[in-house]
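Colleague: Same order as they appear, the protein sequences are chains A and B. Take the first sequence: its position 87, counting from 1, is numbered 86 in numbering that gives the first Met the number 0, and each next residue is one higher. Take the second sequence: its position 290, counting from 1, is numbered 289 in numbering that gives the first Met the number 0, and each next residue is one higher.
No lab work stands behind these hints, which were simulated from the structure alone. A virtual CB, placed ideally from N, CA and C, is assigned to each residue, including glycine. Mixed in with the good hints, there may be bad ones.
Going by beta-carbon spacing under 8 angstroms, a handful of chain B positions derived as facing chain A [unchecked claim]:
| id | residue |
| --- | --- |
| 1 | 378 |
| 2 | 382 |
| 3 | 383 |
| 4 | 393 |
| 5 | 397 |
| 6 | 401 |
Listed next, the in silico DSS-like pairs over lysine-lysine satisfying Cα-Cα at most 27 angstroms (straight line) [said to hold, decoys possible]:
| id | chain 1 | residue 1 | chain 2 | residue 2 |
| --- | --- | --- | --- | --- |
| 7 | B | 284 | A | 166 |
| 8 | A | 101 | B | 388 |
| 9 | B | 388 | A | 152 |
| 10 | B | 388 | A | 109 |
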Amino acid sequence: MLEIKNLHARIAEDGTEIINGLNMTVKAGEVAAIMGPNGSGKSTLSYVLAGRDDYEVTEGDIFYNGESILEMDPAERASAGLFLAFQYPMEIPGVATMQFLKVALNEQRKARGEDELTTPDFIKKVREAAGTLGVEMEMLKRPLNVGFSGGEKKRAEILQMKLLEPKLCVLDETDSGLDIDALKIVADGVNALRSPDRAVIVITHYQRLLEYIVPDTVHVLSKGRIVKTGDKSLALELEAKGYADIIAEAA
Amino acid sequence: MAATMKKPADAPLTAAETALVAQFGHRSSHLPGNADAVMARDKAVQTIKAHRLPTRKVEAWHYTDLRRLLNQFPDWRSDVAAGPADPLAEDAHRFVLINGQLTERADIEGCQVEGVADALRADVGGVALDAPADADDAIGAINTAFVTDGVRLSIADGAEIARPIELQSIHDGGQVHTRNLVSIGAGAKASFIDRHMGSGEAVLASNVTELTVREGAEVRWIIVQEQGAAASHLGKLTLTLEKDARATIFIANYGGRLVRQEVHAAATGEGADLTFRAINMIGEKAHCDVTLELDHLVANTTSTETVRNVVTGKAQGVFQGQIRVAQAAQKTDAQMACNTLLLSDEGGFATKPELEIFADDVVCAHGATVAEIDEDHLFYLMARGISAKTARGLLIEAFVDEIVEELEEDALIEALEIRIADWLEAHG
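Chain A extracted, bound-state conformation:
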């Protein structure tokens, strides 16, 4: 489903290289974890996948279902089925969450040549999804993410993911700032989306989240490249030994 080949990327503004020859493959149905210390390029990778223009790809390519997505803008990538759950979801004053959800859903449907949802159908869909995530409808009347607690923001991200039904989900440090109860709700939400035609990339610093979202593969990211790949036991090994040892072994 996703194939990243020899990817090099840098910050557009100052040219700092962040991703340095990264290779990885994620198959449909797979849950892949990317773990790495601070500064290893985890968030940059998620932004490059989503198409943020603060970053420049200087070499290599990203293939999604066999086609390069480098020339697609973030909206085109999203409509093609790519979803990034943000580590720090943006607060957008003046845009009501419900309005945002409706526009996003319908723009994606339009881009795929489907009919727009009617308002009753839309509300029904939101109500169902919100219920399972413990999101109050009242919260969705508020401006997008404005004044939401850390946990509410993360739940709102997962709610968006549920509604948009992407094919490739990238979760960027979704566990940061969550207490254990919120973490379980979020993990349940993600697990409910696991399916043979959908892939999930879980980016995290800690092993904790992977107890709840159990990965098929674990990749260790260091200095902008994958230095080691294994199964879920690699996450436990990282937890036991720390990043320094594993990265040193791989070098």
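Keeping the supplied structure of chain A fixed, place chain B upon it in accordance with the hints.
Modeller: For chain B alone, coordinates are given in the frame of chain A:
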């Protein structure tokens, strides 16, 4: 306004000034008014002739060089075909002025109505035209010289007018000069939509409105200016707030080529409160100026001023906000903010906040920002599949709708927001 104007050179009259003087010669005998009115009109034209129209050297006109910008003075039209429009709020009482002639008036209980043309002709109990005392008052001078009609409306003490009152001024090219005189009786309550709309024909419109809000009365006054791209619009609203009076002045500019809307407000009684809001959607080559002068004259008065602007194309916007707090006006609380979203490199916005405070126990603040669309916000929306154009539209609407939604009346909010969306569709 201080008389800062220097003797205007011996510069020859501009084409517009020449036309103004010439047209007054042709028109003056057709304009309504008693002998005093004739004299006031004549004096107004002599003032313009002597001082010329204000230029950027006049402080109050520094960002709107009227002499340069008012480069046409179209002929009067006699073949006006335009008719009234549906009111902005469906249930409104409607008054219609077509090219400066009052053609429709509403009967409202608790409300006394008279046409201004008639009132100008009356020798007793009529309306007096005052020639502007100050050469800076170009809008007052032009309007005094040429005003033809308008609505004089008094709301009785204690009357609550439930439905909004729409004063609709339809412009179909040429010259349109109207004056409205409105008084809200003690303890009364009313809501007005002061609407200026027109065809694509070149027009020079001026409007002077005098609004007096008596003790304990409450008024909402919404100016909706939605004229074509060939309209010059000069508006002047004078507001007096007596003891415990409350007013919301909301200005929505969606059109026009050259627009200046002045508001001169005075809080003359303790407990008076002004909510001043403006949204200016300025595109193409438009020049749009909102100028507020607010005097807090007595103790314990409050005001908030919020202005939001969207500027695109080669348009230029101006907001001048002058708040004067007299020495006696202790415990004044005034909060002013002007925020601009600049969508093009060629557009611009000038903000001039001025606080003149002579009292020592007051809270006054002002802030101004000019920003482009937040790229982080844009990325977030696009990452959810929202196209760049739609995402920009959402963010721009959010920026201005926030102010509109303070009106807390769904039909009105919807009408104003549709105009924002239409403007974005045309200019975004």
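Colleague: Look at each hint and say if it fits the structure.
Modeller: The hints, checked one at a time:
1. 378: 5 angstroms, holds
2. 382: Because about 5 angstroms separates residue 382 of chain B from the closest Cβ in chain A, which is inside the 8 angstroms limit, the hint holds.
3. 383: Because about 4 angstroms separates residue 383 of chain B from the closest Cβ in chain A, which is inside the 8 angstroms limit, the hint holds.
4. 393: 6 angstroms, holds
5. 397: Result: holds, 3 angstroms to nearest chain A Cβ.
6. 401: 4 angstroms, holds
7. B:284 with A:166: 46 angstroms, violated
8. A:101 with B:388: Holds, at roughly 16 angstroms.
9. B:388 with A:152: With Cα atoms ~25 angstroms apart, residue 388 of chain B and residue 152 of chain A stay inside 27 angstroms; holds.
10. B:388 with A:109: 14 angstroms, holds
Hint compliance for this structure: hint 7 is the single one not met.
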